[in-house]
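**Student:** Sequence:
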Amino acid sequence: ALKGIRDAEEKRRAFRETFYGVFSRIAKSLKTEVVLQGTIAADVVETRGGVKTQHNVLEQIGINPLERYGFRVLEPLKELYKNQVRELAKVLGLPDEIVYRRPFPGPGLSIRIVGEVTREKLDIVKKATLIVDEELADVKCFQAFPVLLEGRATGLSKDGFRKYGYMMALRVVESEDAMTAKYVKLDWNRLERVRDRIINEIPEVARVLYDITDKPPATIEFE
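Everything in the sequence shown is counted per the working numbering, starting at 1 for the first residue and increasing by one.
Just so you know, these hints were derived from the structure itself, not from any lab. It is possible that some hints are incorrect.
Within a straight-line C-alpha distance of at most 30 Å, the following computed DSS-like cross-link-like pairs (lysine-lysine) qualify [to be verified]:
{"hint": "1", "residue 1": "Lys126", "residue 2": "Lys140"}
{"hint": "2", "residue 1": "Lys182", "residue 2": "Lys121"}
{"hint": "3", "residue 1": "Lys140", "residue 2": "Lys182"}
{"hint": "4", "residue 1": "Lys3", "residue 2": "Lys163"}
Since this is a predicted model, take the numbers as computed values, not measurements.
Model the full structure from these sequences, guided by the hints.
**Tutor:** Structural data, given as structure tokens:
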């Protein structure tokens, strides 16, 4: 579904159609009439505002899920922002590991690859994500993740030979409501550990960068 697609918005729309197409077939096979979604206010605001398409925003942009996919959608959190959702979760008695769990994008790792998604790039991002999760597990932040950038850069292999490898960006931000965010000033030793593991454990990567852009002007995710 994503083969040959480089544009971020086209990727998100392609994911939405594939996701709900598959979901629709499963729902029909199970005779499911209602689907519960965790859409929050930030998803709706960004989609309606043309910032980026959130795959789970349907009725708000004129897509009737009952007509198109065969089921109704309930979204009990759609008017709440992330901090309000977390307050609600605490009131309901959910454990902290659930309340403060770092968000993961609906389209998965496909939007953490700038440009076309390939199997090789997915494998690289998976490995880098595991490293970041392990090394930054105790860091207080809203999100922490790697992004595989488009293009390549010249580097040196362990034996001193030239290699032309991928560039990986590290994104770590703090946010209350996902509408604004500040980059986290990580300790240099921590950054160097992440850098060394990515370079040493993923030979396809030649360079690791740290994103210090807030939201705005950037968005939290690259795509």
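**Student:** Are there hints from earlier that the structure breaks, and if so, what are their numbers?
**Tutor:** none
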